Amino acid sequence: MSISTRTGTSMDTGESMSALRTIARGIELSPELKDGFRGTMVFAVLSTLGRIVVPVSVQQTLDRGINAPGGPNFGYMGLVAAVAGISVLVTALASYQMTYRLFSSAERGLATLRTKAFRHVHDLPLLTQNTERRGALVSRVTSDVDQVSQFLIFGGIISIVSIGQILVATVLMAVYSWQLTIVVWVCFLPLFASLRYFQRRLSAAYGVVRQQVGVMLSAVSEPVVGAATVRSYGIERRTQDRIDTAIDRYQAASTRAQGLTAFSFSLGGVSAGLANAGVLIFGVLLGVDGDITAGRVLAFAFLVTLFVGPVQIGTQVLTDAQNAIAGWRRVIGILDTPADVVDPGANGVRLPDQPVTIEFAGVGFAYPDGPPVLHDVDLVVAPNTRVAVVGETGSGKTTLAKLLTRLMDPTSGSVSLDGVDLREVPFDSLRDRVVLVPQEGFLFDSTLRANALYGRLDATDEQILVAVDQLGLGDWLETLPRGLDTRVGQRGESLSAGERQLVALLRAHLADPDLLVLDEATSAVDPALEMRIARALERLTKGRTSVTIAHRMSTAENADDVVVVDKGRIVQRGPHAALVAEGGVYGRMHASWVAQQGAA
Amino acid sequence: MSRRPSTGRTRQRGTLRDGFAVIGVAIRREPWIFTLSTLGSVLFGALTVADAWVLGWSTNHVVLPAFKDGDIRPVGLLSILALFVAVALLRAVGIVARRLGAGVMQYRMQAHYRRAVTRQYLRLPMAWHQQHPTGQLLSNANSDVEAAWAPIAPLPMAVGTVAMMVIAVGEMFWTDVPLALVGLLVFPLVIATNVVYQRIQSPLMTRAQALRAELSEVAHESFDGALVVKSLGREGEETDRFTVKAHRLRDVNIKAGRIRAAFDPVLEALPNIGVLAVLAAGVFRVERGLTDPGSVVTVAYLLTIVSFPIRSLGWLVGEFPRSVVGFDRVQAVLDTTGEMAYGDRSPERRAEGARLDVEDLAFGYSGGPLVLRNLTFSVRPGRTVALVGATASGKSTLTALLLRLVDPAQGRVLMDGTDVRDLAPGALAEHAALVPQAAFLFDDTVRGNVALGADVHDDAVWEALRTAQADGFVAALPAGLDTRLGERGATLSGGQRQRLSLARALVRRPRLLVMDDATSAVDPEVEARILAALRRTPDDVQSEATVLVVAYRKATISLADEVVYLRDGQVADQGTHAELLARSPGYADLVNAYEQELPEGGSHDAEVSVP
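Protein sequence lines correspond, in order, to chains A and B. Note that this note's numbering has the first sequence beginning at 1, numbered continuously upward. Note that this note's numbering has the second sequence beginning at 1, numbered continuously upward.
Quick caveat, the hints were computed from the structure, so don't treat them as lab data. The structure presented is a predicted model; accordingly, all values stated were derived computationally and were not measured. Every residue gets a Cβ at the ideal spot worked out from N, C-alpha and C, and that includes glycine. Careful: at least some of the hints might be erroneous.
[As the list claims (entries may be wrong)] Output of the computed footprint for chain B on chain A, the stretches with three or more beta carbons under 8 Å from beta carbons of chain B:
no., region
1, 110-122
2, 278-292
[As the list claims (entries may be wrong)] Dumping the calculated SDA-like pairs for lysine to any residue here, alpha-carbon to alpha-carbon at most 25 Å:
no., chain 1, residue 1, chain 2, residue 2
3, B, K554, A, S496
4, A, K34, B, R260
5, B, K255, B, L211
6, A, K567, B, A479
7, B, K255, A, G36
8, A, K567, A, A366
9, B, K255, B, T239
10, A, K567, B, T483
11, A, K567, A, A581
12, A, K34, B, R258
13, A, K34, B, V244
14, B, K255, A, Q147
15, B, K554, A, V580
16, B, K68, A, R296
17, A, K116, B, H220
18, A, K116, A, F37
19, B, K255, B, A213
20, A, K542, A, N384
21, A, K542, A, E530
22, B, K255, B, P321
23, B, K554, A, S554
24, B, K255, B, M205
With the hints as constraints, model all of the structure from the sequences given.
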């Protein structure tokens, strides 16, 4: 019934994209991420080297300074201390630069990504067709992006430093003994090889966690959102059982994922133990052949710790990366979902500034994978006509309105205004000339003025007040204590449903379109307000072409022309009186209405 | 006692104390898992130290002798392998115990509190729900619970660190007191740096958190109003609005990043500086023969082990502010009392509809003015009564009182002569059903949503759907009765939801059916069919339910046997529609308003404005 509810096309979840592909596409969408990347890398290398210099020089001091053969060697000690001190300083400065630059480029890149995604969401048919998925869309432009930023910065810092440190440690180790370096790498190979396997398992495990979070959040919301229903049906027990089940499942899924994480993380330590043992054992074996000295073997054992640390931390980062990349994928998924309705932009044909003629020529429509909703609709509406579209729920009358405002494009045939196919009209021209007033008067959490201005951004207070007067709403406005400065509350909920409707009409009037498409409200409002709305509507539609999706017989009675839709086809067309005389679908609707009135 | 924390210092100490108190709650609740994960953490720490010991042992007993004598004993080499691998495996066990333990403890605490909070939501009366915004209650059960137990994740690591620090500091003093003192100078520096860091950073973090909330609000609102945005072509302006917030968040994050970038290297350099200081002091002491080189090495080594994990204490303490706030908010819900008192009467199910007597009823919302007063009327079994009245005349409140969603301030509601407050829990629901204005669907199948756990056959479900004119669209759903609905299921229109909600009531064959404007989103024609079906009750007399319907449309009213006309929270008149039309001018205006021709001018305003 209302324009905003019907299952629409699905959103690209991007689940199929590989991690590397995701990162590449992510960087493409946020070019800021590449800004100054080379410089950042230079600082990263510096700070990595610095991290190695300090422990190495400590080890040198111990080895050749204090433990020097002939007593402590103070000259050498001083030198090492000076080198170490300078390294600490240089490392600190380089590390500051690296971190700051990463923060800055990641945050700038992701702000761009967020904004792009937000803008694109407004072009998705999903947004207007599937109200219940909106929460998911919000989290994509908020928490999903936050997750990516955490990963890019901290994961970025740690993985750059870790990889750098692994490489530097490998080079240093090779300088001491290439044979033992191979031993170390061989000990770690199983770990590196198993990472891919664990990544897959972890990714699956966290996928289950995410899914269970969704189930749990929705179960937990039931006793709150459905409080009245739960009480009036006495189903507290059943509701609690459902919540408990969802909580248990979430807990089980989280525990499983955590166990897997802990296990995969602990593997690094086992490899390290093997590597330490291997170095000593092979060191001894090599030493017996005279290839290496005892001092070198021991120094090498210290170097292994420089290798092990970053490997362990790197494993951890890879685990955290799973979630972040999944989040990144979801955001990219939005941007890679094509907009169904494409703006022809500057190449389009602008609509003339005059009352329009509507023409539907052989229009058919079906939702993707759905049965046809409209078949072969031909309809011409002359300028300055008020048309009421009537039909049962599911007849296709709402689809007509969506096609007319180009919320969707027809699957066959064409909809044109003044002979111009809507697909060729630039959005700004279309929105300027054609305005839809939805069933629910949605208001933004601001003042009445700001909501009115939504119709025409540059309207002055005088112009707003003139519009208020023209719609006969002056006395209503006077009842509001703060006039145009009245705050309307979230979704306009400080006002009644009828008052929200009035503001929506005021907004439409300020927009001053040539074609008005109205989805009539069905919810009941106070009779006094009902009269006001009717009067405002009457004045608003004067001098324009208007198409109303009618839910009341009185609306049809008052229209110049009535279009009756049944099972996706236009079955009748003409003024109310003529249609009543004609009988058919409209005749039946009217008769049942009269019967109800009579019964009253 | 209620001394207001005036300075940052006392507030911080307060948070610290409260933070530990919250953790104390978790430890008392899950002592075994806490012990296990802490042992794992201590094991991990001990074995990290043991690694060094194994290296030393291997050097002295295997490596050096082998190089000296050129004699390789396989036993020695195998011992090295065994020792290192054993230490590594045990350490892996420690890691798994620590991390898994911390995770399990955190998830269990979350689960305990989510269960407790939702039980409380189910227990507390509707009146309480009406006083608390939905969003707040949802965040109590979700993000507040999560925040409260967030410090559990770094907890075992922190406890293990403290244990390791105690051991290491003891060993440092045991080894060489002056060197230990030099080394320990690093600790206060690290802690002080952390404190300064937290103090500079936390206002930025708070600001970023607030901006995230604002960003999410803008997105929510903008997506909610998508139709308006799109139909007026305001996507550009909306994107600007979002971009402003996104850029503010970006700038705060970058600022926080700059501070972090400055502090991180300092925190990392401090231990290194400490080691260098120990070495310098060590050389001085070795030169004077006050200590031996081995002691210097040991103290320097212990210092490096300990100083990094100190930061894990920072992570723990950093979670405290959010945790304390979250815990307090959850606890406030759990501490709320005032559930409804029930009687013990469970009347037998009778064949005919229920008799309803409303006696001198008065009700007001939490200290507000009375919405209903002196309300008295009766409905005989099997009658259909329309409740008619202008907006805010108290109709919805009355339906809530009839189903005992709220209790009256005065007067009583009698069902078959029994005060509904004397009924046992669940007894009223066996006899009466309410179809609310806004249909609520559970995250369940169509069948589950209609049956709601009642033991009913599919045939009965279909029959109820048929009466509610919902069988057509349900049959067209991809999986029929098994189609999932709700947040993550198929999307239904408002009218379809209302019809399912009606079927839900009908399937239980209530003796009293209360409909609160339950067909507002349904086409008039479909509504007429529903009402006709309701009236054309099947052959068995059993389903001659008493029906109360809040009505706006004349067609709805016309199907009622009589009308109760409410005005300003009181019964203004009761009788048949025709009688009321004849004798109550206000009533006539009210019900005729809908069907009036569209007039130009405001002549009608005076007549219909609520007296």
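Worksheet entry | Hint consistency between K116 of chain A and F37 of chain A [alpha-carbon to alpha-carbon, up to 25 Å] | With a Cα-Cα distance of about 22 Å, the restraint between K116 of chain A and F37 of chain A holds, given a limit of 25 Å.
Worksheet item: Taking 25 Å as the top limit, are the C-alpha atoms of K542 of chain A and E530 of chain A close enough?
Response: Measuring from Cα to Cα gives roughly 19 Å; hence the hint holds.
Worksheet item: Has the given pair, K554 of chain B with S496 of chain A, been kept, meaning a C-alpha gap of at most 25 Å?
Response: The given pair, whose Cα atoms are some 22 Å apart, holds under the 25 Å limit.
Worksheet item: Is the hinted pair K34 of chain A and R258 of chain B satisfied, with a Cα-Cα distance of at most 25 Å?
Response: Holds, at about 19 Å.
Discussion item. Does S554 of chain A sit within 25 Å of K554 of chain B, going by the straight-line distance between their CA atoms?
Written reply: holds (13 Å)
Worksheet entry | 25 Å limit on alpha-carbon distance, applied to hinted pair K567 of chain A and A366 of chain A | holds (13 Å)
Discussion item. Quick check: do three or more residues in the region 110-122 of chain A have a beta carbon closer than 8 Å to a beta carbon of chain B?
Written reply: Since 8 is at least three, the answer is holds.
Discussion item. Given the hinted pair K255 of chain B and G36 of chain A, is their Cα-Cα distance within 25 Å?
Written reply: Measuring from Cα to Cα gives roughly 18 Å; hence the hint holds.
Fill in: Satisfaction of hint between T239 of chain B and K255 of chain B, Cα-Cα up to 25 Å
holds (24 Å)
Worksheet item: Regarding the pair K34 of chain A and R260 of chain B, is the alpha-carbon distance no greater than 25 Å?
Response: Distance of about 21 Å is within 25 Å: holds.
Item to complete: Take the C-alpha atoms of K567 of chain A and A581 of chain A, compute the straight-line distance between them, and say whether it is at most 25 Å.
Response: holds (22 Å)
Worksheet item: When you check the alpha-carbon spacing of K542 of chain A and N384 of chain A, does it fall within 25 Å?
Response: holds (8 Å)
The earlier numbered hints are all upheld by this structure, with none contradicted.
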